[in-house]
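S.K.: Read off the chains here:
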Amino acid sequence: ETGVTQTPRHLVMGMTNKKSLKCEQHLGHNAMYWYKQSAKKPLELMFVYNFKEQTENNSVPSRFSPECPNSSHLFLHLHTLQPEDSALYLCASGDQGASYEQYFGPGTRLTVT
Amino acid sequence: QQQVKQSPQSLIVQKGGISIINCAYENTAFDYFPWYQQFPGKGPALLIAIRPDVSEKKEGRFTISFNKSAKQFSLHIMDSQPGDSATYFCAASNPNTGNQFYFGTGTSLTVIP
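As they're listed, the protein sequences go chains A and B. So that you can map any letter, position 82 of the first sequence is 135 in my numbering, and since no number is skipped, the others follow by simple counting. So that you can map any letter, position 86 of the second sequence is 100 in my numbering, and since no number is skipped, the others follow by simple counting.
Take these hints with a grain of salt, some might be off.
As the list claims (entries may be wrong) - Below, a list of computed lysine to aspartate or glutamate pairs in the EDC-like style, where the Cα atoms sit at most 20 Å apart:
| no. | chain 1 | residue 1 | chain 2 | residue 2 |
| --- | --- | --- | --- | --- |
| 1 | B | K56 | A | E109 |
| 2 | B | K82 | B | D98 |
| 3 | A | K93 | A | D148 |
| 4 | B | K56 | A | E97 |
| 5 | B | K71 | A | E154 |
| 6 | A | K75 | A | E109 |
| 7 | A | K93 | A | E154 |
| 8 | A | K71 | A | E137 |
| 9 | A | K89 | A | D138 |
| 10 | B | K72 | B | E40 |
| 11 | B | K19 | B | D45 |
| 12 | A | K94 | A | E120 |
| 13 | A | K93 | A | E137 |
| 14 | B | K72 | B | D45 |
| 15 | B | K72 | A | E154 |
| 16 | B | K19 | A | E77 |
| 17 | B | K19 | B | D93 |
| 18 | B | K85 | B | D98 |
| 19 | A | K94 | B | D67 |
| 20 | A | K94 | A | E77 |
| 21 | B | K56 | A | E77 |
Said to hold, decoys possible - Facing chain A, a subset of chain B residues (Cβ under 8 Å, in silico):
| no. | residue |
| --- | --- |
| 22 | P54 |
| 23 | G57 |
| 24 | F103 |
Bear in mind the hints are in silico, worked out from the structure with no lab data behind them. Nothing here was measured: the structure is a model prediction, and the numbers come from that model. Even glycine gets a Cβ: it sits at the ideal position worked out from N, Cα and C.
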């Protein structure tokens, strides 16, 4: 195990629902990331948090709302999603400044109906 | 604009053969080049990485070859095994954007017995 856990592993939601994805890292890292993985596309970086402060928001639609209450937990709040938002959402953690390495969780497979 | 281009999209190799996956980039600011391995239902896992001050790095059956002048790097898997069947992603990190990772589109490797 990489030390990064994500829940739920699978999620089906309607376009009017509100749901949240959770990520937890047990590696003592200071940075956490949300990525979107779609078939035949590069992993897309969505958000970066460094020491709980958001340092990157790659033009992500406002229907995705991240929250980082502490350096071990990261949430992605979802509301009024579109079918094209269906994808695998990956969380990663890393130690910015000490190493370039990023460690990924298993992902949440999201289906928007 | 895709920052890192990866090929081939899919690869089939006989057991015991050599698997070769190639990546190319344009941004000379990139200074860290990892390869990730992803099995179905799992998140990407760091396999091996290289910095541009060396031309080759080997870890067991996995080797990265790096050509700085050509802005290309490749992953070689020697003595490929069925257990190596997975999707492989190359990436590049830009220190000017907080070490943000730019990923290739992935290569699906199948090693047949």
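S.K.: Look at each hint and say if it fits the structure.
M.R.: Hints versus structure:
1. B/K56 x A/E109: violated (25 Å)
2. B/K82 x B/D98: Distance ~27 Å between B/K82 and B/D98 Cα, so the pair is violated.
3. A/K93 x A/D148: violated (28 Å)
4. B/K56 x A/E97: holds (17 Å)
5. B/K71 x A/E154: holds (16 Å)
6. A/K75 x A/E109: Measuring from Cα to Cα gives roughly 19 Å; hence the hint holds.
7. A/K93 x A/E154: violated (23 Å)
8. A/K71 x A/E137: holds (16 Å)
9. A/K89 x A/D138: holds (9 Å)
10. B/K72 x B/E40: Violated, at roughly 24 Å.
11. B/K19 x B/D45: holds (16 Å)
12. A/K94 x A/E120: Judged against 20 Å, a Cα distance of about 25 Å means the pair is violated.
13. A/K93 x A/E137: With a Cα-Cα distance of about 14 Å, the restraint between A/K93 and A/E137 holds, given a limit of 20 Å.
14. B/K72 x B/D45: holds (18 Å)
15. B/K72 x A/E154: holds (17 Å)
16. B/K19 x A/E77: Outside the cut-off at roughly 31 Å; violated.
17. B/K19 x B/D93: violated (25 Å)
18. B/K85 x B/D98: With a Cα-Cα distance of about 26 Å, the restraint between B/K85 and B/D98 is violated, given a limit of 20 Å.
19. A/K94 x B/D67: violated (29 Å)
20. A/K94 x A/E77: violated (25 Å)
21. B/K56 x A/E77: Distance ~16 Å between B/K56 and A/E77 Cα, so the pair holds.
22. P54: Constraint on B/P54 not satisfied, violated at 11 Å.
23. G57: holds (3 Å)
24. F103: holds (7 Å)
Hint compliance for this structure: hints 1, 2, 3, 7, 10, 12, 16, 17, 18, 19, 20 and 22 are broken, all remaining hints hold.
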